[in-house]
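> Residue-level listing of the chains:
Protein chains: 2
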Amino acid sequence: MSEPLRIAIAGLGTVGRGVVKGLQQDAALLQARAGRPLQLVAVSARDKHKDRGIALPADIVWCEDATQLLEQPIDLLVELIGGAHGIAKTLVEGALAKGIDVVTANKALIAKHGLQLAQLAEAHHTDLRFDAAVAGGIPIIDVMQHGVAANRFERICGILNGTCNYILSHMQSRGIAFDEALAQAQAQGFAETDPSTDIDGMDTAHKLAILTSLAFGTQPALESVQLRGIRSIDALDIKAASDLGFRIKLLGVAQPLPDGRILQRVEPCLLPKDAPLARIIGAFNAVQLEGHALGRLLLEGQGAGELPTASSVLSDILQIARGSQTEVFTVPAAELQPLAPATADAMQCRHYIRLSVRDEAGVLAAIAGVFAKHTISVESLIQREHQPDAPTSIVIITHECSAAAVQDALSAIAALPIVTHPPQHLPIQE
Amino acid sequence: MSEPLRIAIAGLGTVGRGVVKGLQQDAALLQARAGRPLQLVAVSARDKHKDRGIALPADIVWCEDATQLLEQPIDLLVELIGGAHGIAKTLVEGALAKGIDVVTANKALIAKHGLQLAQLAEAHHTDLRFDAAVAGGIPIIDVMQHGVAANRFERICGILNGTCNYILSHMQSRGIAFDEALAQAQAQGFAETDPSTDIDGMDTAHKLAILTSLAFGTQPALESVQLRGIRSIDALDIKAASDLGFRIKLLGVAQPLPDGRILQRVEPCLLPKDAPLARIIGAFNAVQLEGHALGRLLLEGQGAGELPTASSVLSDILQIARGSQTEVFTVPAAELQPLAPATADAMQCRHYIRLSVRDEAGVLAAIAGVFAKHTISVESLIQREHQPDAPTSIVIITHECSAAAVQDALSAIAALPIVTHPPQHLPIQE
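Residue numbers (this note's numbering), protein chains in the order written: chain U, 1 to 430; chain Y, 1 to 430.
Just so you know, the hints here were simulated from the structure itself, not pulled from any lab data. Predicted model, so just to flag it, every value in this text is computed and none were measured. Keep in mind that the hints are not guaranteed to be accurate.
[Said to hold, decoys possible] The calculated lysine-lysine pairs, modelled on DSSO-like cross-linking and capped at a C-alpha distance of 30 Å, are: (1) Y/K273 with U/K239; (2) Y/K48 with Y/K98; (3) Y/K98 with U/K273; (4) U/K239 with U/K273; (5) Y/K239 with U/K273; (6) Y/K112 with Y/K98.
[What the hints assert, rightly or not] Some but not every residue of chain Y turned toward chain U, in silico, with C-beta under 10 Å: (7) G22; (8) Q24; (9) Q25; (10) R33; (11) A34; (12) I138; (13) A149; (14) D179; (15) E180; (16) G291; (17) Q302; (18) Q325; (19) P338.
Glycine included, C-beta positions come from ideal geometry on N, C-alpha and C.
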């Protein structure tokens, strides 16, 4: 195993630059830990002359067309182009089929095509690793596949999107509105110009689908993730939740139900403010694993960025250099079961509800009547202080009930003439 | 790789029982993740007839003498006897020399004899894994060897002893004295009848010596760990620290200095109460890794107990079953450098100091004079409320200075006639 591992990198954006820096600056350390040299032999990116702050060796092969990388004498392809389709998919499939191992940070690709890629990797005895696809520098994939692999997993719960956590943290700490927090995140480089993939939850859903597969031995099932983003979160919600001892976080949660179905959901949730995940602020990510033997394990770290993501890519490269012996999704692809999806209705939990109503006599009675009719038991009901001539907020915490029951009740309440705005409701994660 | 992995377990205490349960109850899951069956073929423990709440199969080989396990047809020995010398060492050495892989939870053995055992394992192409030796269910060894292996580590900082954290947490939350918190920990099963290994810090030192070796590529150097336990922590310290916005934790900290020396220290420290490690309460453990690429990664979980520790043992077994390709201390034993130890004097930090003095005129002037003479700059000085006829507490936070300077100053202060009790001093961990 002292032959160099010959590496090609497709994509020299932020993460690619970090990977090149690591290979250059830490060559001796990486060689010692890998047991062999790591040798960058070819790269591909759109503009050869762009200044990326890295100096590529003169003898490196530069490919305008990324697929040309597969014609080079390489052992490993690092795919950092991104996207579930197109060139990234073509390239990864081509590499695996040619006996070239692959490391990728491409969450969409793995979430959507992970099963087929795992089958392809097995058929050609190649390896496919993707720790950088989920939670940046947090080695969550590796931990699930190795360090705590002996567990029956009971639940995974994560803050997997730094943009959303930055926005929600700033709404909390500064008392500002969603739009203002988003604008600040964009100004700070924590949100894209088009932030929809992040704030509408799809980024978290990609990551959750991958974790679900690893945890429960199921085929990745992105399409069955129950998805809701954070656009509807109002400063009033942050304030009301805070006053009641909660924080609002966008969580990705996967858990098996007693009937064998698996519930995957991405949605803003209330967490008791002392819960470990409630304490994760700013652009940090965190994952809480619950295993039958392990109990609760929390990992908290940088969820994105040049060096943290490169840390995961390079650590995957090290494992391949050593001769990784782990199946792509821990178990052989043929053993991955189709995921029987559950909907959020299958889960009973407390709910937070905020209603905007006119300040009139009889309002509470009308609302209470609707909840009673839908057999939703109310744990607490607080009429919030309000400005003159503005609608009153009523904040309700229910006892445990299903999201479907809450939605039915809220449909009925929304139709009442006293209600001025669409009701808000969020589950409480215990 | 579909041949069963034949396993012998030496020691059927708490952890051994958990490992047997796991092998029996999760056989199918473990086989799927290992790619081969895990087969328990032999065990050894002192009393064959003791009821351990587990049913061993009739055809299992029971060895009264643990060394007899090595005469069985086994691939892997799980050593759960404990202790740095005697039978545990003999057994592990014997196994490695016979080509039998080893998984152990024995921190003292690895901290004291890790280098020789790694050399032995390499010479015989056997594997030695010990994730359960540090922080119970937290897969910290595996994370350092795999998930974040591409990092230059800059500091490791951990709460590695659940007994001490339980005691300090209860002193904080209940305002009780050390002795009372220790008695409660003993009553709850969180402390041994003889708690000295835990509360005097040696248990943490063993674990830190192992982490230091993995992080910095050095030979384990238990003897150079600067060691101080928690017996001296008074309820007054907990209260004063809390009033100033700090928590007191027993930390194990390892960090390289600019001159290449490595400082390993185990001591009670003040942490700002919002620091991630300050929030770890009760018997939980946590490790904070700082890497040049990764930034800060925190892992928090169960540090002890039957199932959490068995989780780490079984996960190590899985890796060996798959064919682990990682050196014992990540790099070959011959590349591990002797550790050049630094003493705590090499580190500048703020210090907390508590003095018990008679409530007399001129006391502050006398104390301030001593600090000035030792060129220690005082950030804050608070004279605490006191009972009539009781000594007054003076609590001082210094600016950054060395522990040696503080000790010199305190020796001078202790000699003043106004001082009624030995001074307390603790570093502040930023």
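> It remains to establish, for every hint, whether it holds in the given structure.
Hint by hint, here is what the structure shows:
no., hint, result
1, Y/K273 with U/K239, "holds, 24 Å"
2, Y/K48 with Y/K98, "holds, 26 Å"
3, Y/K98 with U/K273, "violated, 54 Å"
4, U/K239 with U/K273, "holds, 13 Å"
5, Y/K239 with U/K273, "holds, 24 Å"
6, Y/K112 with Y/K98, "holds, 22 Å"
7, G22, "holds, 6 Å"
8, Q24, "violated, 13 Å"
9, Q25, "holds, 9 Å"
10, R33, "holds, 5 Å"
11, A34, "holds, 9 Å"
12, I138, "holds, 7 Å"
13, A149, "holds, 5 Å"
14, D179, "violated, 28 Å"
15, E180, "violated, 25 Å"
16, G291, "holds, 7 Å"
17, Q302, "holds, 5 Å"
18, Q325, "holds, 4 Å"
19, P338, "violated, 16 Å"
Hints 3, 8, 14, 15 and 19 from the list above are not met by this structure, while the remaining hints are.
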